[in-house]
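S.K.: When you get a sec, could you build the whole thing from the sequences and use the hints?
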Amino acid sequence: MALHPDRNKLVGAAAVSRLGFLAAVAVAVYVFESLVPMPLPWARLGLSNVIVTVALFAYGVKDAVVVNLVRIVAGNLALGLVLSPAFIFSLAGSFSALAVMSLVKWRLVPPLSVVGASCLGAVTNNVTQVLVFSALFAPSVALRSLAGAFILLGVVVGLVTGFAAAAILRKVSLARFSGVH
Amino acid sequence: MNRPAFFRLTAADVVVASALALAGAYLLAAGGRGVPGDRVEIMSPRGETLVFDLRATRTIDVDGLKGTTVVAVEDGCVRFLASPCPHKTCLGRGRISQCGEWIACVPNGVVASIKGKRAYDGITP
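If you read the protein sequences in the order shown, they are chains A and B.
The opening residue of the first sequence carries number 1 in the working numbering; numbering runs sequentially from there.
The opening residue of the second sequence carries number 1001 in the working numbering; numbering runs sequentially from there.
Any given hint might turn out to be false.
[What the hints assert, rightly or not] Short, incomplete list of chain B residues facing chain A, as computed with Cβ under 8 Å:
(1) 1010
(2) 1012
(3) 1021
(4) 1024
[As the list claims (entries may be wrong)] Rough simulated footprint, nothing fancy, chain B against chain A, three-plus residues with beta-carbon under 8 Å:
(5) 26 to 35
(6) 117 to 124
(7) 167 to 173
[Unchecked claim] The following residues of chain B were derived to be distant from chain A, with all beta-carbon distances above 10 Å:
(8) 1013
(9) 1045
(10) 1048
(11) 1053
(12) 1056
(13) 1058
(14) 1072
(15) 1094
(16) 1095
Since the hints were derived computationally from the structure, they do not count as laboratory data.
By construction, the Cβ of each residue, glycine as well, lies at the ideal position given by its N, Cα and C atoms.
M.R.: Below, the structure written as structure tokens:
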């Protein structure tokens, strides 16, 4: 079958539209989950990380970085929190989580699935946020119990987001291998 | 098409999730509670640290990033009385009196923590 003369352009357009779709869904979930009450004002459930995780494992680190950045910037713009402490916590936490999950993707840590990667990512995200909070606002405050609570919360949320991401990745993988895009 | 199937659960997943949960539970349990404090340290975003005895009743105005946070010390307890932050989560924390307990108003950058003879410290960067 002859290739379309503008095939490269079409592939590029498909990638951009896919990226836009993933980023839009991530922003929507990010804003929606800000409505869920949490014990600390900047804390979130982190369900929008499902989209970042899918972008990372299905398409690659560059896509995940773009989706994550758009999610944080556009989400905080919508909530009126750009450059606030919550914005800084989100940025630091989510990119540290992305770095850890990338290690799993590249097989630089033991053979974890997306569920284990998500757990590690969620806990890294939460611990980073506690450390940034401590560094910026309260260097001498005892944060052991807060860190413990955030690690436990990270494990639970990581499992939920991990299983959700695994279910989506299974569909994406089936679609790819059967030639459906 | 020999790519790793990341959606298949592995034994390493169970080990990692369990280890993290145990670490979190340990830190939570070892947080240090139940020891009454004798002073409160109030940190402002300017880098100042104000220390007050918990036995003396007083009201303290602390200048923050958005305005003034009013902190009350009474009956050996500390609470935030007023804050210019949007969510007022710091006011909702209520009273603190035990070593290691703290109240933070993140938007205004004001943190109050209880200190005592037995200092419990956790994560310090």
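S.K.: Run every hint past the structure and note whether it holds.
M.R.: For each hint, the structure was consulted:
no. : hint       : in the structure
1   : 1010       : 5 Å, holds
2   : 1012       : 5 Å, holds
3   : 1021       : 5 Å, holds
4   : 1024       : 3 Å, holds
5   : 26 to 35   : violated (count 0)
6   : 117 to 124 : holds (count 4)
7   : 167 to 173 : holds (count 4)
8   : 1013       : 4 Å, violated
9   : 1045       : 8 Å, violated
10  : 1048       : 13 Å, holds
11  : 1053       : 18 Å, holds
12  : 1056       : 22 Å, holds
13  : 1058       : 21 Å, holds
14  : 1072       : 19 Å, holds
15  : 1094       : 12 Å, holds
16  : 1095       : 16 Å, holds
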